[in-house]
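Residue numbers (this note's numbering), protein chains in the order written: chain A, 1 to 264; chain B, 265 to 582; chain C, 583 to 881; chain D, 882 to 1321.
One or more of the hints may lead you astray.
[What the hints assert, rightly or not] These stretches of chain B come out as covered by chain A in the derived footprint (C-beta under 8 Å, 3 or more residues): (1) 439 to 451; (2) 456 to 462; (3) 465 to 474.
Please keep in mind that the hints were generated in silico from the structure rather than gathered at the bench. Note that CB positions come from ideal geometry on N, CA and C, so glycine has one too.
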Amino acid sequence: MTEVPALKVTDLCKSFSGIMAANNLNVEAADGEIIGIIGANGAGKTVFVNMITGYLKPTSGTIEFQGKDITGIEPRNATHVGVCRSFQVSQVFMTMTVEENLLTALSIAKQDGRAMLQSPRAPDLLIECERLMTLYKIVDHRNQVASTLSQGVRKLLDIAMAVVSNPKILLLDEPTSGVSVEEKFGIMDIVIQALKEQGATVLFVEHDMEIVERYVDRVLAFYQGEIICDAPPIEALRDPKVIEYVIGGDHALNTALSGGAGHA
Amino acid sequence: MIETLKKDKTVRWIILGFLALAITGNFMEAWVQNNIMFGLARGLAVLGLMVLWRTGLISFGHALYFGIGAYAVGLVDRNLGISDIFLRLIFAVGASAFVGFLLGFILRKYRGIFFAMLNLAFSMVLYGILVKVESLGSTDGFSVSQTTILGWAPENKYALFAAIVIACAIGAVLVQCYLKTALGSLTTAIRDNELRVEYLGFSVARAIHVKYVMSAGLAGASGALLAMALGQVDPDSMVNWPVSGELVFITVMAGPGSVIAPFLGGVVFEFLRTYAFELAPEAWQLIVGGTLLGIIFFLPMGLWSLLERIWKRRGVSS
Amino acid sequence: MLAQVLTIILDGLNYASFLFIVSVGLTIVFGVLKILNVAHGAFYAWGAYAAAYAITQASELGYPDWIGFLLIFAASIIVGLVLGSIIERLILRKMYAQDEVLIALATFGLFLVLEDIILVVFGVDPYFAYQPMAVLGNVVIGGVFRDVYSLTLFALAVVVAVGCWWALTKTKWGKLIAVVIYDREISQAMGINVSAVYLIVFIVGAMLGALGGAYVAPTTSVAPGFGIDVIVLSFAVVVIGGMGSIPGALIGSVMVGVLRAIAVHQFPELELFVVFAVMAGVLIIRPEGLFAPPKARTI
Amino acid sequence: MKKLFTRGVIRVSALAACCAVGAMMAGTASAKDSIKVGVVTFLTGPAAGPFGVPGKNGAELVIDAINAGTLPAPHNSKGFGGATMEPVFIDEAGGGAKQVAEYRNLVEKQNVDAVIGYISSGSCMAIAPVADELQKLTIMSVCGTPRLFEEKPRSHVFRTQGNAVGDSIAAARYMVEMFPKMKSYTGINQNYAWGQDSWKFYDLAMKKLDPASQASDKPQFPKIFSGQYSAEISTMLLDKAPVVHTSFWDGDIEAFMLQGLVRGFFQQKKLVSVVGGSAVDSLGKKFPDGVVLGTRGKYGLLVREDMSDPLNAWFVTEYKKRYDVYPLGPSYQYAKAILYYKLGMDKAAKAAGGSPNQDQVMSALKNMKFNSFDGEVSMSLGEGRQAVHPVGYGITKWNAKKGEPGIEKVKYYGAECINPPAGTLSEDWLNQGMPGAKCN
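Next comes chain A alone, as it looks inside the complex (with noise of 0.2 Å):
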């Protein structure tokens, strides 16, 4: 871990007239790591998020992206240079079909301006399209309108756009909201397994301690703004900080804990 960091994070604020919705984040992630973000509604996940994909402008601090700094980049130049997001609610195509859907995300994800005036069915894209549709386990809803997919394979559908450009890293904003729980850990199987394949870097924001527990290989716990702790999660489920803020009495520690123990 010589080399510079993929994402590198130095004193990243942002205030919303006043108030802190990210105090002096400072995070650094190593190629192919995968990190968990939690904290309670408000906490500032999600501008965090936001923020190192471009759809907010900081306020002040830096974002180093293998040693560029990108802080305050437009989202789409976010993209260009490699670093991609999913979205809490998923953000598809609407009137779509899956497939479509895909083969438009992978026309723009080329980059040049030739692709840009050929036709999105083009063959290489089909299969590429193909491939991402058979890695991500949609390919039985190719042919099915976007508004009418269970959250589940919407969610599938808006992670398989956001690695079209194949990403250096990926945020993920809550993937498992919204799914049922039956769900909830065939996709992120689903996920995590074709992110690892890819090498990416991934950071994602997630309510389900079990899911972190299982998936992550670090976590980072927010609070008011403010990262409360950075650690594995074997650690940092246990730091009391962590317990209070986040997690929220010992109830939810304890079914934590022990749905965590079940699954390992």
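Assemble the complex: chain A is given as a structure, and chains B, C and D must be docked to it using the hints.
Showing chains B, C and D alone in chain A's frame:
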């Protein structure tokens, strides 16, 4: 691309349909020919509006470009004596697309009702200028001399009719090609989800700008052809807000279903107005307005969706 | 010089009062129902026709001239009630789910229909209902005769502005409306009868549109096509001020009114241009208008 | 339900298509003993009440009388060259481009034999080139811009109304004669061909007739049909010029008068209204006394009481009988255009010995001199296509005895006193100081 075009059913229909129209046009009664000519010319502007509509944008001010196209023809005729259809079209499309390009930098940031209203504001600025400036004909406008084709002055209207049919066919095929490209498929994508398009790495503003300039150029061509067909330009029938309203009306009436729909819509509108005018010279607006309401209520996807339903039913029953 | 400045200001305020009364209804309807109502111009024309008809009839029947003032208000209330409720209940209510621009287009269709029904009902001959204007006479201000009626227009605009402000901030209904503006769905969930709020707001908007027309009727010839120019003018005012904002409509009217008066006095050829140039300029700098009302967070 | 509706729509569309085909077929048939003529006038919009409808009434009255042969001698022969006229009325509202489209429909769809009408100068300028292109005889009835025949020679267009030049020169002559002490003048005119030309020629004529006179530097040109003139009235009240020239017509003149009245405008300013005749009747007693008023010919208020001319007497009486109001300028103007067409048809039919073709009718119409309801008309300008006739002005005075509007100090200026000789452009003639003008 050409391979896919050859396979494209719509392109085949456009070529066949417009070819048939160009041929039968010669045997039509003059007034039918006229109405079709006006309708097709207007259809070009509607085609541009349809592309915007598919992107989720409606403009209440495209009479601006329609008017620029028409006045460009009038002015190059009056001041430079240019009567050639190609030169006139080049000036008209160039002028309207250029203005669209400039205003596009502002307009591409706006959506929904703001986009509609800002367009209206710009078109009314032009109206305010035209109405007041005597050298531009003020309220009266001025007449446009007969159109020639590469130095040949045709004796009857049929040549212009055929030229307009061909121009519209070219416009329709080009737009169809455009919609079939990845860039074109962004229309629906942007309407559905701008955020996603941005995060896929494409500038929504730029995509909208491209479409906006395209729609401006098409509206300019439309106004130019109509000015040549009518032989007259004036602010009230070319630039005032009801003209923009009419264009949007035809767009909605035609429906977003196909690039052929705008031309169908334009022609239907022209006949609707002619008959309404004849049937009730004192209350023709009532008929036109009532039709508009009826379409919005019962055929929100326009006449084209009606045709599609009929075709589908036929397909199933036979 | 001073006389001229005074005259320009008075001319501007006179026009501004007219613009404000017409556009305040439009802006209220937009604020609450999110509808850009092109048919507002038709309410204006209907108000003018109804008032002019009533006043000329009353005059022929020998009633005193001042009765015209009562008729102006009666006409606007009746037109607003009848047209407003019919249109909201029968047409707009079925469209709220649609795209706002499509609804605007539907109101354009309504405008065309209502315009021509005027011809059927009232005929093409112009109406002259000058009695209320004549009975008030004139007064010299700044060396220029001004009609008192136009000055009362100014007073009416102030009354309408204060009335709207009072109704929206001091009454129970006003608070309900504020909640509905803030978030339609939440207020529905809270048990507010949103449908009734919509109906009432639309009727009030229609009444104000009709009042504008009715009050202007005595000063001019009420003839077919009466509402057509008013639409874009009031659009301009509403857009300049910020769609849905009453103080915005006030400021927008004053800006347009005074600028137009300056243009007429000093640069007559810019008269029409100035209104829309201001509108375009404001939209470029502040697309939401000078006084955009607060919006609920949608993300 | 939806299916039912769709089916209904399809049936209706099919029916509409059948109707369309039927209408096309019907359009082409036309018998020899009847002719179809498009009559264009304002049926909607602000100009319909004061101009369009009186014009339509005048046309209808005279068409019916000619079809029945009940016009007074010498015009009492039945029909138009023996044929009965079937008028098709069309609305003039909307811009010039719309008028062109409707004109094409009239000619090519309805297959009319001729088109008569047009009030607005904007319409006339738009229609004239199309009339020549479609080669359809077209008689303009009201519009006044001199550009119609001075910009370009026309092949199929005629105009039975004298142009704005005559109206303006007559107004200037009247002012110089009656109010020689009022040296400066301003104006309020609509900003299109008619308003611009009216002001331009009034201004030119005043400068020539009284070199000491002076125009204001702020003449007002509001948009036609704007209806609100408060700021314009203020501007003119602040202006030192005692005379205000206006060529307002349609609803605008009435709106202007009403707004001016309460502001004491007419006590302070001498208004010269070129064509305010329509407002005099509609405003009745409200119309101020002392306005210098013209009607663009021997029409309306000027000749209402004058029963010496049998044609005028017939027209006023019959019109009043049928419509219960007095005929206005446009009524005369439309009646005149219809009569002119009849005379041309009669003459051409006689020469041809049967139904004349269009060329024969046109050559009969050219350079014609005839007596109309407003006296003698001579088609002497524009290569025999543009009428000249006397124009009169008077000063309004309420006739308390009859309870009707009245006019006094009426003066007529002969056609040759206010129009350039054939072949000379109006502007050149005025700039030269109106050489050869024959006034008595």
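Hint by hint, here is what the structure shows:
1. 439 to 451: Contact hint for the stretch 439 to 451 of chain B vs chain A: holds, 6 residues under 8 Å.
2. 456 to 462: holds (count 6)
3. 465 to 474: holds (count 3)
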